[in-house]
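Numbering-wise, the UniProt record's numbering puts 94 at position 94 of the sequence shown, and it's gapless, one number per residue.
Cut-off 20 Å, straight-line C-alpha distance, at most; resulting in silico cross-link-like pairs (PhoX-like, lysine-lysine): (1) Lys260 to Lys225; (2) Lys260 to Lys224; (3) Lys260 to Lys295.
Because the hints were derived from the structure by calculation, they are not lab data.
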Amino acid sequence: MVTVRPFRSGDETSLVNAWNRSMSADPTTSAWFRDCVLLDPNFDPEGLRVAVDGDDVVGCAYAVRRLIPLAPGTDLEPDVGWIPFFFVVPEHRGGGLGRRLVGEAVAFLEGLGRTKVDFSSYTPNYVLPGADAELYPGGYRLLGELGFQTLYSPVAMDRTLVGYQALPEVHELIGEREREGYVFRSPAVGELPELIRFAADAFNPDWGEAIRRHRDPERIVIAKKDHIVGFALYAAYRGIPERFGPFGVDPGLRGTGLGKILLHLTMTRMRAEGLHSSWFLWTGETSPAGHLYTKAGYEITRRFHVMRRSA
1 MVTVRPFRSG
11 DETSLVNAWN
21 RSMSADPTTS
31 AWFRDCVLLD
41 PNFDPEGLRV
51 AVDGDDVVGC
61 AYAVRRLIPL
71 APGTDLEPDV
81 GWIPFFFVVP
91 EHRGGGLGRR
101 LVGEAVAFLE
111 GLGRTKVDFS
121 SYTPNYVLPG
131 ADAELYPGGY
141 RLLGELGFQT
151 LYSPVAMDRT
161 LVGYQALPEV
171 HELIGERERE
181 GYVFRSPAVG
191 ELPELIRFAA
201 DAFNPDWGEA
211 IRRHRDPERI
221 VIAKKDHIVG
231 FALYAAYRGI
241 PERFGPFGVD
251 PGLRGTGLGK
261 ILLHLTMTRM
271 RAEGLHSSWF
281 LWTGETSPAG
291 HLYTKAGYEI
301 TRRFHVMRRS
311 A
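Generate the whole structure from the sequences, applying the supplied hints.
Written as structure tokens, this is what we have:
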């Protein structure tokens, strides 16, 4: 008989095994589950609803809300909660278990006063940016039936680095900007606080924290004139070298080619390390960044739907 209860110590191995059977396109590891769920300062075992059949985990849904701020100067987002993932093993699907698990996760968050529940844009420890309707149609359909509506639909993109070389026009553009006084290089240690503030204030606090935790300036490229106006980096998330980003240019300087320069300088460094690809999970398909990536040879590999249920 299947029962649903909060997570308990000892569930972890069976939970990871069930995850990998349920979401075979996005397998996880015990180390990821430990670091990004159990050791997340916002983790509450009551929010990790686990379905068990005897001693075996056969499904779960994870609900989380902020207990500490994401970054200095930010609040606890007291009206928002997140469901970063849920799953049911194949042999237990079709009987309403997924609906029950997600329903209990939503009830946990709403019981704590959260009027908005998002799937699955929890930072910094999200699994995927949102629901993948192609690979997980049942999960996407269930969210819709439970009142979740799509906020926006980011895409993941990949580009091979095999044989990559920056085109002459990139080098010409670098020369033009350098004659205007811009420099493109790794940040000095003393510039990291400025870079973190710029990334957090101009873009997203999570980006600032990603740079703070990165600790490898050789995998960061900045654009600077009188001050830092752009940056690009890789290996910032989970230490995966081929994962590109975050990446940003001062909005007031877009159209100057700084983004194109930073992107290609970063890919050059990635290729110099012997990396065979560059990829990321999250951008707007029709955004300026999306167009820049497409022109640089990136191709869409997945589409996601960031979804919200409002009380």
